[in-house]
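Peer 1: One letter stands for each residue in the lines below.
2 protein chains.
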Amino acid sequence: MPRDFDIGKYHDLDPVTRVLMGPGPSDVPPRVLRAMAAPTLGHLDPEFLTLMSETQELLRAVFQTDNALTIPVSGTGSAGMEACFVNLIEPGDQVAVVVKGVFGARMVDCASRLGADVIPIEAEWGRAVQPEAVEKALQGRQPKIFAVVHAETSTGVLQPLSEIISLAKAWGALVLLDCVTSLGGVEVKLDAWGIDAAFSGTQKCLSCPPGLAPLSFNDQAVAKVRARKSKVPSWYLDLTMVGDYWGAERKYHHTAPVNMIYALREALRIVLEEGLETRFARHWLHHRALVAGIEAMGLRMKVPPEERLATLNLVVIPEGADDLTTRRALLAQFGLEIGAGLGPFAGKVWRVGLQGHSATERNVMLFLTALTSVLRAQGVKVSGDGPAAAQDVYAHAGRS
Amino acid sequence: MPRDFDIGKYHDLDPVTRVLMGPGPSDVPPRVLRAMAAPTLGHLDPEFLTLMSETQELLRAVFQTDNALTIPVSGTGSAGMEACFVNLIEPGDQVAVVVKGVFGARMVDCASRLGADVIPIEAEWGRAVQPEAVEKALQGRQPKIFAVVHAETSTGVLQPLSEIISLAKAWGALVLLDCVTSLGGVEVKLDAWGIDAAFSGTQKCLSCPPGLAPLSFNDQAVAKVRARKSKVPSWYLDLTMVGDYWGAERKYHHTAPVNMIYALREALRIVLEEGLETRFARHWLHHRALVAGIEAMGLRMKVPPEERLATLNLVVIPEGADDLTTRRALLAQFGLEIGAGLGPFAGKVWRVGLQGHSATERNVMLFLTALTSVLRAQGVKVSGDGPAAAQDVYAHAGRS
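Chains A and B supply the protein sequences, listed in that same order.
When we follow this note's numbering, the leftmost residue of the first sequence carries the number 1, and every step to the right adds one.
When we follow this note's numbering, the leftmost residue of the second sequence carries the number 1, and every step to the right adds one.
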């Protein structure tokens, strides 16, 4: 420790309370924060093993699956992506990946690093991929894995899945679904939809702090891992070993992030106490109110109505508004965080999250009134009718 | 969600409070638990970016390094190990790894999966490796990396480093140090010792919940990563990208585990408020008291005195005592967790941690009195002099 090191300059932690309406993390309910702060148990303590089992049961209910291998991976959402690929891919495997935003591109990068022969299926940013494009790209190929993002956090698009899953299955591929921004916010039904492997993050529609990646593999996906000729290249994410810790054996692999699992268990309880259908309807209601407000202001949504995602809304930055000035003013004046555009959308859109605990009427009303104020301060002409239009949606829906 | 799913059966989280004297996690101070439960900030919020910088400064002070690339990896300690290897190794690289316990063997497994040409340097379990053994193993080889565990959590051995580091440097290798069970408990001086890369975990002597892996790379280690011919095979742990998020650019890579970083910052503050030298002396004091008590009871320590690790103590299970019965009784009757033996030591030793917040006189006294009681209940003959012998050590040291 340097002689002049002054520990006194590091003050007590006292972060400001924000309203989190970006792409995630979303606002975390106090119940979840309190659960996370319970005393740490050992990772092999009988009480903790019970909490692990319960967390798995709750995760299965939220994923709508019976998959035995349903666990939180000890890392953030991207660790869940990597866990899927690193276990399922062997070098040279053909892997088809739909790319229509940052997170599809990330899957291509991840799979390529593992030596996969990646077949990218490109679609326009801000749109869903069409079945025809998938069919064309897979013509004459035999991918072992077909990977697609359900809810693209970079574009606010909800991908229709039924037809493209049928196509991928017809070609014999395992279907891998990125549910990071859909799980707990819009419908996800792993078993009914025939999803073989899926991953998510805790900090979006589950409203748990970031740090874990829910993951689920069905028997076919597990069989592919068990049939590998080569060892899984990642020791940390090797599901044959991680699965033994989360399985009946409870065999030590790595020390589980105990308090994060407390938090996830509580967040999942809250999701299921509300009920999945009620929760999905709530997300769609606030999405409709937000869109009505935005359009009444004279602004535009980026994504066509039929492809919009309730949990992540892309608002086109209007002429005359400065991206950074606007976001900084929302943060400074209203404590309100929204997200910047990514990639080709940088500087062109804002990403407004309505995820879990953040998807509320008061957040929608705050966002619309705050945005109106901040844009007008920049001399941008916007109608003041946004909040009333949102209220109209709520009035017709019955208060939620 | 299945129709018969009953959310009511998942009760409020209310884990029992244990005394954690196993191999980790250790007891977490209430200050750390409270800090962790502060409201979640966005991972790009200006307030959070400041907390990140502060956490890095505190980590550097604890690692005793000026390394710019000093960060908490978003995973548990083993993710830190994997982050080191996956960035530093290219396929075919010769990597020398000292193996004298589970965690050396784990490094061999991890490096092998990445295509390294691993040179294992075997030493007896429960002993340190000798410089002669290192010299012999490296004869005629030119490993690019020399990896060694500083504090073997499976054997309770503190590895003397000075001579073997000199040898490795003479052969031109980068030195990679596993500090999981040493950092914050016994002396670790990355810069003064010439360590090129190091990793640790939060849940041992830092007394933070598990979930992050402190990591530090010096310029030579960073240069090896930058000079790679192939991409880092792990997207999640690629330090060229992770480093951009933790560096001046603050470029988004993955969503940081925000609340875990709150917890780590607070845990590091506590470490540095106590002061490193004071803290190390405290660990050695309680270790001496524990050993005095164990030996006064008529039991034996596994490791020779000069190779013992203050933070993890291996007690030989005495004749007539049943391993599981003893540990279960300690947990049930005293709420006291100690660790089982691993590998060849399973059923032969107990692993007793004295780590961070758990390294206290009251824990040493509880352990000695509880163990005496539990062994006697099994009919094992032990002297009742353990607690008094420990008190003697404290009396001579002045109360701590």
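Hint data in this document are derived by calculation from the structure and do not stem from the laboratory.
Treat the hints loosely; a few may be bogus.
If you anchor each label on the Cβ, the simulated ranges turn out as follows [to be verified]:
id: 1; chain 1: A; residue 1: Gly172; chain 2: B; residue 2: Gly194; range: 50 to 58 Å
id: 2; chain 1: B; residue 1: Glu47; chain 2: A; residue 2: Gln142; range: 44 to 52 Å
id: 3; chain 1: B; residue 1: Glu249; chain 2: A; residue 2: Glu57; range: 37 to 45 Å
id: 4; chain 1: B; residue 1: Glu47; chain 2: A; residue 2: Lys231; range: 27 to 35 Å
id: 5; chain 1: A; residue 1: Lys231; chain 2: B; residue 2: Glu306; range: 31 to 39 Å
id: 6; chain 1: A; residue 1: Lys229; chain 2: B; residue 2: Glu306; range: 40 to 48 Å
id: 7; chain 1: A; residue 1: Asp6; chain 2: B; residue 2: Gly194; range: 23 to 31 Å
id: 8; chain 1: A; residue 1: Thr50; chain 2: B; residue 2: Pro344; range: 27 to 35 Å
id: 9; chain 1: B; residue 1: Asp4; chain 2: A; residue 2: Val16; range: 20 to 28 Å
Stretches of chain A that chain B covers, calculated by requiring three or more beta carbons in the stretch to come under 8 Å of a beta carbon on chain B [to be verified]:
id: 10; segment: 33-41
id: 11; segment: 78-92
id: 12; segment: 130-141
Note that CB positions come from ideal geometry on N, CA and C, so glycine has one too.
Peer 1: So, for every hint listed, does it hold in this structure?
Peer 2: Okay, the hints, checked on the actual structure:
1. A:Gly172 x B:Gly194: 50 to 58 Å: holds (54 Å)
2. B:Glu47 x A:Gln142: 44 to 52 Å: holds (50 Å)
3. B:Glu249 x A:Glu57: 37 to 45 Å: holds (42 Å)
4. B:Glu47 x A:Lys231: 27 to 35 Å: violated (43 Å)
5. A:Lys231 x B:Glu306: 31 to 39 Å: At 38 Å between Cβs, range holds.
6. A:Lys229 x B:Glu306: 40 to 48 Å: At roughly 46 Å between Cβ atoms, glutamate 306 of chain B and lysine 229 of chain A fall inside 40 to 48 Å, so the hint holds.
7. A:Asp6 x B:Gly194: 23 to 31 Å: holds (27 Å)
8. A:Thr50 x B:Pro344: 27 to 35 Å: holds (31 Å)
9. B:Asp4 x A:Val16: 20 to 28 Å: violated (44 Å)
10. 33-41: holds (count 9)
11. 78-92: holds (count 5)
12. 130-141: Violated - the segment 130-141 of chain A has 0 residues with a Cβ nearer than 8 Å to chain B, which falls short of three.
Violated hints for the displayed structure, listed by number in ascending order: 4, 9 and 12.
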